[in-house]
Amino acid sequence: QVQLVQSGAEVKMPGASVKVSCKASGYTFTTSYMHWVRQAPGQGLEWMGVINLNSGGTQFAQRFQGRVTLTRDTSTSTVYMGVNSLRSEDTAVYYCAKGGRYYPDYWGQGTLVTVSS
Amino acid sequence: QSALTQPASVSGSPGQSITISCTGTSSDVGGYNYVSWYQQHPGKAPKLMIYEVSNRPSGVSNRFSGSKSGNTASLTISGLQAEDEADYYCSSYTTSTTRVFGGGTKLAVL
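Chains as they are written, first to last, in my numbering: chain U, 397 to 513; chain A, 150 to 259.
Don't take each hint at face value.
Derived lysine-lysine pairs resembling DSSO-like cross-links, with alpha carbons at most 27 Å apart [to be verified]: (1) A:Lys217 with U:Lys415; (2) A:Lys196 with U:Lys419; (3) A:Lys193 with U:Lys408; (4) U:Lys419 with A:Lys217; (5) A:Lys196 with A:Lys255; (6) A:Lys255 with A:Lys193; (7) U:Lys408 with U:Lys419; (8) U:Lys415 with A:Lys196; (9) A:Lys255 with A:Lys217; (10) A:Lys196 with A:Lys217.
What follows is a list of derived Cβ distance ranges for each label pair [as the list claims (entries may be wrong)]: (11) U:Val398 with A:Gly228: 20 to 30 Å; (12) U:Asn448 with A:Asn182: 32 to 42 Å; (13) A:Gly228 with U:Gly411: 50 to 60 Å; (14) U:Pro437 with A:Ser210: 26 to 36 Å; (15) U:Ser451 with A:Pro191: 34 to 44 Å; (16) A:His190 with U:Ser513: 44 to 54 Å; (17) U:Pro437 with A:Thr154: 20 to 30 Å; (18) U:Gln461 with A:Gly228: 38 to 48 Å; (19) U:Thr472 with A:Gly228: 27 to 37 Å; (20) A:Thr225 with U:Asp469: 34 to 44 Å; (21) A:Asn204 with U:Thr424: 41 to 51 Å; (22) A:Ser216 with U:Thr510: 16 to 26 Å; (23) U:Gly453 with A:Asn204: 17 to 27 Å; (24) U:Met409 with A:Thr225: 39 to 49 Å.
A short, non-exhaustive set of chain U residues, derived as facing chain A with CB atoms under 10 Å [as the list claims (entries may be wrong)]: (25) Leu400; (26) Tyr491; (27) Arg497.
Calculated from the structure, these hints are not laboratory results.
Every residue, glycine too, gets a C-beta built ideally from N, C-alpha and C.
Please take these sequences and the hints and turn them into a complete structure.
Rendered as structure tokens:
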């Protein structure tokens, strides 16, 4: 069965960077896309970007362009999401979610990133 | 890209039907048949309930249905059950090749 296992919670200082991993199993990795969505405490879902796991091509929401990177390692079926110049407003649960080009269909368990001095 | 508009909350009694609306523009909901709906219970990851406006993934109850008219999509849950109490989010593909979520709707089963 499909599994997406994300890395553990992180606590970062403002201005730092974070990298969250998402290891996939149970399906053919390169036949799908991986979306990243975040959810601030008590708030709704916010789409950040998506990576084509075959080509490595990426698309981002405008507000994350230049500050978020998405990469994948096909040898380990793992996707990495990096955010730099962290600020307190970036405190959120970050989800990876596999799917097609247009929408995610299966979500990881989420990774809490806390930005605090 | 602005978030899609959903009611903050809806409620219903067990056995009743409810409908959650999701209003966008011709650049998202109205322009594409790539509207999806997600259910999220507290502390849990979202779960896909409807994709491409009206399709149910395998394993999702047929009490859940989706539709679209113009720039507004809708999720209907019939025969409400206590386990349906959750937050529901719509999402759409957009002309700027991004995706956008609604603000979410809290469903209370009274």
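Here is how each hint holds up against the structure:
This hinted pair does not check out: Lys217 of chain A and Lys415 of chain U have alpha carbons roughly 38 Å apart, beyond 27 Å. With a C-alpha separation of about 18 Å, the suggested pair Lys196 of chain A and Lys419 of chain U falls inside the 27 Å cut-off, and the hint holds. For the proposed pair Lys193 of chain A and Lys408 of chain U, the alpha carbon gap of about 23 Å is at most 27 Å, so the pair holds. Proximity of Lys419 of chain U to Lys217 of chain A is assessed by CA-CA distance (about 35 Å); at most 27 Å being required, the pair is judged violated.
About 15 Å separates the Cα atoms of Lys196 of chain A and Lys255 of chain A, which keeps this hinted pair within 27 Å; it holds. About 14 Å separates the Cα atoms of Lys255 of chain A and Lys193 of chain A, which keeps this hinted pair within 27 Å; it holds. Between the alpha carbons of Lys408 of chain U and Lys419 of chain U the distance comes to roughly 22 Å, so the proposed pair stays at or under 27 Å and holds. Proximity of Lys415 of chain U to Lys196 of chain A is assessed by CA-CA distance (about 24 Å); at most 27 Å being required, the pair is judged to hold.
Of the pairs offered as hints, the one joining Lys255 of chain A and Lys217 of chain A holds, with about 20 Å between alpha carbons and a cut-off of 27 Å not exceeded. Proposed proximity of Lys196 of chain A and Lys217 of chain A is supported: the alpha carbons are some 20 Å apart, at most 27 Å. The hinted range of 20 to 30 Å is satisfied by Val398 of chain U and Gly228 of chain A, whose Cβ atoms lie roughly 28 Å apart. Evaluation of the 32 to 42 Å hint for Asn448 of chain U and Asn182 of chain A yields a failure: the beta carbon distance comes to about 21 Å.
Take Gly228 of chain A and Gly411 of chain U: their Cβ atoms lie about 52 Å apart, and the range 50 to 60 Å holds. Evaluation of the 26 to 36 Å hint for Pro437 of chain U and Ser210 of chain A yields a pass: the beta carbon distance comes to about 30 Å. Checking the proposed 34 to 44 Å range against Ser451 of chain U and Pro191 of chain A shows it holds: the Cβ atoms sit about 37 Å from each other. In this structure the supplied range 44 to 54 Å is violated for His190 of chain A paired with Ser513 of chain U, their Cβ-Cβ distance being about 33 Å.
At about 22 Å, the beta-carbon gap between Pro437 of chain U and Thr154 of chain A stays in the expected band of 20 to 30 Å. One distance hint, 38 to 48 Å for the beta-carbon pair Gln461 of chain U and Gly228 of chain A, holds here, with the actual separation near 44 Å. Checked against the given bound of 27 to 37 Å, the beta carbons of Thr472 of chain U and Gly228 of chain A, roughly 44 Å apart, lie outside it. For Thr225 of chain A and Asp469 of chain U, the Cβ-Cβ distance of about 42 Å falls inside the hinted range of 34 to 44 Å, so the restraint holds.
Between Asn204 of chain A and Thr424 of chain U the beta carbons are some 22 Å apart, a value that contradicts the proposed interval 41 to 51 Å. Under the hint 16 to 26 Å, the C-beta atoms of Ser216 of chain A and Thr510 of chain U, about 40 Å apart, miss the expected range. At about 26 Å, the CB distance of Gly453 of chain U to Asn204 of chain A agrees with the hint of 17 to 27 Å. Taking the beta carbon of each, Met409 of chain U and Thr225 of chain A are about 47 Å apart, inside 39 to 49 Å as hinted.
A hinted interface residue such as Leu400 of chain U counts as satisfied when its beta carbon comes closer than 10 Å to some beta carbon of chain A; here the least separation is about 9 Å, so the hint holds. Of the supplied interface hints, the one on Tyr491 of chain U holds, with its beta-carbon coming within about 6 Å of a beta-carbon of chain A, less than 10 Å. This hint holds: Arg497 of chain U has a C-beta 8 Å from the nearest C-beta of chain A, less than the 10 Å allowed.
Violated hints for the displayed structure, listed by number in ascending order: 1, 4, 12, 16, 19, 21, 22.
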